[in-house]
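Order-wise, the sequence lines are chains A and B.
All letters in the first sequence, in the order written, are residues 1 to 241 by the working numbering.
All letters in the second sequence, in the order written, are residues 1 to 125 by the working numbering.
By construction, these hints were calculated from the structure, which means they are not laboratory data.
This structure is a prediction, so every number in the text was calculated from the model and none was measured.
Heads up, a few of these hints could be off.
As the list claims (entries may be wrong) - On the chain B side, residues computed to face chain A include the following (Cβ under 8 Å):
1. 4
2. 5
3. 7
4. 20
5. 23
6. 24
7. 50
8. 53
9. 56
10. 70
11. 77
12. 79
13. 100
14. 116
What the hints assert, rightly or not - Which chain A residues stay away from chain B? Per the calculated CB distances, all over 12 Å, these:
15. 6
16. 13
17. 82
18. 232
Backbone N, C-alpha and C fix where the C-beta goes; we use that ideal spot for every residue, glycine too.
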Amino acid sequence: MSSFVELWLYLSATPLFGLTATLVVYVAAHGVYTRLGQAPWANPVLWSVLVLALLLLGTGTPYEAYFSGAQFIHVLLGPAVVALAWPLWQRRAELRSRPVALAAAALAGGGAAVAVAVGLGWALGLPVPLLASLAPKGSTAPVAMGVAGTLGGEPALAAVFAVLTGLVGAVLAKPVLDALKLRRPEVRGFALGTAAHGIGAARAWQVHPAAGAYAALGLSLQVLLAALLLPLLLPPLLRLL
Amino acid sequence: MGALQGLALLLLAQSAGELLVRALRLPLPGPVLGLGLVLALLAWAPTRRLVAAPVEAAADGLLAHLSLLFVPLGVGVIAHLGLLGGHALALALVVLVSTLAGLVVTGLVLQALWPERPEPVEATP
């Protein structure tokens, strides 16, 4: 028994552990998700995170030890944001054919999410650094971290809020969009990518190719809008609060 | 090989973006500037022929597994629960309501501005 504990301590301290655990748990969660007909509540990110967190808590493994291996997956988020140039480039004809509708929806939807987050957070008495960490949460984690930093927020918290936002959007999009009778995959995908960034886009991609492409478009527009507009518009507002 | 070349290109673009952001003190995350650089390479015909195929191969691979890339950060939620302090309930409410607002407003505005044509309905997310 003690040799098992020693082996575990050895293994969990190497980068191999975090990388292997992340991939194995995700592959299993994705398998279950596929088996269940891609039910929104079976979201593979949600369940991977829960299982891995329980594993770390149950074995007393510190997050830092886990992340020393998981970071090799995490660093790919940067090039993944850069890679959004490709779906944007592919859909340039559609962007040009209805620029007003897409830009208006991106501005209105992204703006509504930021306004509700900052406004409701303020009304509930959240301190300003938390509001600054909440504001860019709809723009995918690596971007939210950068923007939150320039706004005076906490990048680690911004990443947490971004992931939670993506999960909420990916899980609730189907019932919400069904209730609104929005049936077209393009509209549903764009709403998912706008409100729930990469996690929503991943969900849209798994269900319908057109929804996936429009989700990538919605997500890329949010990334650009958040990066360009929030550092200009938000600091004056936050100074008033 | 195409995907590897593409990944190298995406990483180069991101690095260039990070360097430019720091050198010029731009209020932008490095990867976003990198996205702009790759768009510029795709838009300019002489570079497009060189970069289009590798960028497509790398982007397809990365974006197909996009949700996996969020898992390490998601596990970090547990590590950072202490930072939420006494605000956990308010924060949960804010994240839930603001995300729903984003979904509803985006969907309704796009639907209103982009009139529907009669089309067969397939599976939807």
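Cross-check of the supplied hints:
no. : hint : in the structure
1   : 4    : violated, 12 Å
2   : 5    : violated, 13 Å
3   : 7    : holds, 6 Å
4   : 20   : violated, 13 Å
5   : 23   : violated, 16 Å
6   : 24   : violated, 14 Å
7   : 50   : violated, 14 Å
8   : 53   : violated, 11 Å
9   : 56   : holds, 6 Å
10  : 70   : holds, 5 Å
11  : 77   : holds, 5 Å
12  : 79   : holds, 4 Å
13  : 100  : holds, 6 Å
14  : 116  : holds, 7 Å
15  : 6    : holds, 24 Å
16  : 13   : holds, 16 Å
17  : 82   : violated, 4 Å
18  : 232  : violated, 8 Å
Checked against the numbered hints above, the structure breaks hints 1, 2, 4, 5, 6, 7, 8, 17 and 18 and satisfies the rest.
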